[in-house]
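K.L.:
From first to last, the protein sequence lines stand for chains F and A.
Take 1 as the starting number for the first sequence in full-length UniProt numbering and just add one per residue.
Take 1 as the starting number for the second sequence in full-length UniProt numbering and just add one per residue.
Calculated from the structure, these hints are not laboratory results.
It is possible that part of the hints are untrue.
[What the hints assert, rightly or not] Taking beta-carbon pairs under 10 angstroms as the criterion, some of the chain F residues facing chain A (in silico):
| # | residue |
| --- | --- |
| 1 | Asn5 |
| 2 | Phe61 |
| 3 | Asp87 |
[What the hints assert, rightly or not] Some chain A residues flagged as far from chain F (calculated, every beta-carbon gap over 10 angstroms):
| # | residue |
| --- | --- |
| 4 | Leu41 |
| 5 | Thr45 |
| 6 | Val67 |
| 7 | Lys81 |
| 8 | Glu107 |
| 9 | Val109 |
| 10 | Gly116 |
| 11 | His126 |
| 12 | Asp148 |
| 13 | Ala153 |
| 14 | Ile157 |
| 15 | Lys235 |
| 16 | Arg239 |
| 17 | Glu241 |
| 18 | Pro244 |
Positions of the beta carbon are idealized from the N, C-alpha and C atoms, including for glycine.
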Amino acid sequence: MDTSNPAVFVNAELLHFYVGRRVRAVMQVIRSDGGAVIGKSTDEKQLVVKGSPPSVPFTNFVEVIGIVDNEKCIRAETWTNFGDAIDMFSYNKLCQLANGEFKHLFL
Amino acid sequence: MYSTSQFDGNAAFSGGGFMPSQATQATDSSSFSRNRDAQSLLPLTVKQINDAFQSSDDKTNLIIDGVDVNNVTLVGRVCNKAGRITDVTFVLDDGTGRIECNKWLQEAVDSNEVDGILDGMYVRLHGHLKGFQGKRSLNVFSFRPVTDFNEIASHFIDCVYVHLYNSKIRLQAGVPNQQHVTNSTPITPTKGYQAYAVPPNQFSGQPNNSQFTSQPKNAPKSVEDMVLDILHLPKNRSRDEGVPRDLIAQHLGIPMDKLMSLSSLTSLLKLSKILKFIDSFRFCRLAIKNLIEEGNIYEAIADHYKSIING
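Let the sequences and hints guide you as you build the complete structure.
P.N.:
Spelled out as structure tokens, the structure:
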């Protein structure tokens with residue numbers, strides 16, 4: 001068992017806490033823009049994701065796991081298609097719980 | 001029926017398989033609930049398992065939030081899958097940590113299930129935690145791919161809920177004069193923890209250190225009502241000069257989450273734009289302003305307020 005390299009649930013406003021660390025975020029894909037994918041985070045802010053996208057086309061919602069570059073940008077290691085319907089509100093609430101009162105269950 | 005005659009896993013499975021051994025030891029009056037606890041399926045994060053493992057000296061029995069851990073359910077990504085003829089091993093990464101898993105393949109259907117699962121896929125696992133040669137690993141009964149990805153958020157919210165339930169509500173149950181009476185209802189085996197809705201204020205977490213905690217919470221009070229309550233306190237009624245604004249704010253001690261839940265928040269925010277001050281007391285000041293406008297209170301001397309009731 002190893003808990004040394006977690007991927008924290010984050011939304012856009014939590015990104016700046018984790019610069020240089022591994023996170024996971026769900027976003028709604030808006031457009032691909034020359035090597036970067038622009039998406040809308042669960043808290044409805046703009047998110048830039050760099051790194052080579054997967055060979056399969058994106059669904060509406062995508063989860064990225066990667067290292068935080070800066071407060072707006074994630075360098076993705078893993079992309080997972082989450083389908084075309086995700087409850088972003090609940091996911092955002094989970095981000096808040098996982099970074100707040102119940103952080104000890106996650107980090 | 002299940003609820004009238006407790007299912008004895010020990011008899012049914014001759015103590016073998018994954019049935020918890022605790023079932024045989026539960027002979028006291030609490031055997032009913034112990035039995036249920038022992039058979040429960042806990043949604044957990046790897047972090048919780050790891051923490052419990054690190055902090056416990058007893059390497060055979062794992063306890064999380066006061067509950068014996070036997071069968072668990074996890075959701076995460078499969079890594080390093082290695083299939084053999086008799087079993088398959090892989091590492092499950094649920095984002096909070098990684099745990100080694102093992103599944104024995106007994107029948108063709110097992111092999112088919114396993115073949116469909118590839119590295120990088122999200123899966124829902126059901127399994128049994130066991131220690132072997134000082135290492136914790138998960139003996140998997142079933143794993144299947146996640147198809148609705150809401151299941152991931154749902155699982156972790158479930159973990160939070162069960163943690164809250166086991167660490168707070170379950171311990172409170174049975175204590176008389178509970179504030180949350182609904183939670184101390186005896187639990188029947190046919191319903192699990194799932195059947196118990198937690199009052200929303202259970203989740204507000206931070207203890208409210210204002211004096212209003214003792215009041216019924218079924219109807220959230222507005223800041224305006226709280227200000228009036230403060231002005232109506234006997235010691236404040238007797239102040240001829242009124243109650244200083246700073247004292248009202250200090251009394252309020254309103255936690256942010258309470259403020260955020262106010263239905264009047266939007267209107268308060270609109271008002272705040274036209275007000276010059278931006279400080280930590282602005283909600284208090286707004287409430288006072290509203291109350292003055294409604295004629296409920298008045299300014300006695302500068303920054304001191306009184307209610308019309310005791311005026």
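K.L.:
List in ascending order the numbers of the hints, as given earlier, that are violated by the structure.
P.N.:
5, 12, 13 and 14
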